[in-house]
Amino acid sequence: RLGWVDRAHELLDFFLASRRPAAWNQWAEVVGREARRPRFIGDMPHTWVGSDYIRSFLDLFAYVRESDRSLVLAAGVPEAWLAGTRGVAVRGLRTPYGPLDYALARSGRELRLDVGAGVTPPPGGLVFRIPGEGAVQRVTINGRDGACVSRECVLRTVPARVIVR
Numbered sequence: 164r165l166g167w168v169d170r171a172h173e174l175l176d177f178f179l180a181s182r183r184p185a186a187w188n189q190w191a192e193v194v195g196r197e198a199r200r201p202r203f204i205g206d207m208p209h210t211w212v213g214s215d216y217i218r219s220f221l222d223l224f225a226y227v228r229e230s231d232r233s234l235v236l237a238a239g240v241p242e243a244w245l246a247g248t249r250g251v252a253v254r255g256l257r258t259p260y261g262p263l264d265y266a267l268a269r270s271g272r273e274l275r276l277d278v279g280a281g282v283t284p285p286p287g288g289l290v291f292r293i294p295g296e297g298a299v300q301r302v303t304i305n306g307r308d309g310a311c312v313s314r315e316c317v318l319r320t321v322p323a324r325v326i327v328r
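According to my numbering, the sequence shown is numbered sequentially starting from 164.
If you're looking for bench data, these hints aren't it; they were derived computationally from the structure. Among these hints, one or two may not hold up.
Stated by the list, open to error - The calculated label-pair distances, taken between Cβ atoms and stated as ranges, are:
no., residue 1, residue 2, range
1, S181, L256, 20 to 28 Å
2, V193, D231, 35 to 43 Å
3, F203, P262, 39 to 47 Å
Since we're looking at a predicted model, the values are computed, not measured. Where is the CB? At the ideal position from N, CA and C, for every residue including glycine.
Input sequences plus hints: build the corresponding full structure.
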């Protein structure tokens, strides 16, 4: 949520790699860097650790930003996930504004976001945070010129198609 996409993914990878014992596919209450060092690991399975991981992972795709009552989309999606023809798709993600569906993919120099009709835009709108750091040449929202501020485009209606060049 701070805009540190690379750091967020480093932490998510660290926590996945730090499951002990690794073959158990769960998190302990206490995580250490040295797998062979004997230590207290707390009670197992420790479900609040797993649920925090899942909640944080879902925030990569969408989260409610209370400061402007918006629903922020794709803020944690790294540009590497968008390569190829498939990109990223979200289907039926539960939000306070209804189920969210969207697809985000890159084709050459064009980035395309398609948002489904199931979600109701909140008072602050659906805020699409454009992944990456490259220059934004032009944005269209539903075929019309759109404006983005600080790599954020606000969508007020759905379904919506955003094309970023």
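How the hints compare with the structure:
Separated by about 26 Å at the C-beta atoms, S181 and L256 satisfy the suggested range of 20 to 28 Å. For the pair V193 and D231, the supplied restraint of 35 to 43 Å holds, since their beta-carbon distance comes to about 38 Å. Look at F203 against P262: about 42 Å separates their beta carbons, and that is inside 39 to 47 Å.
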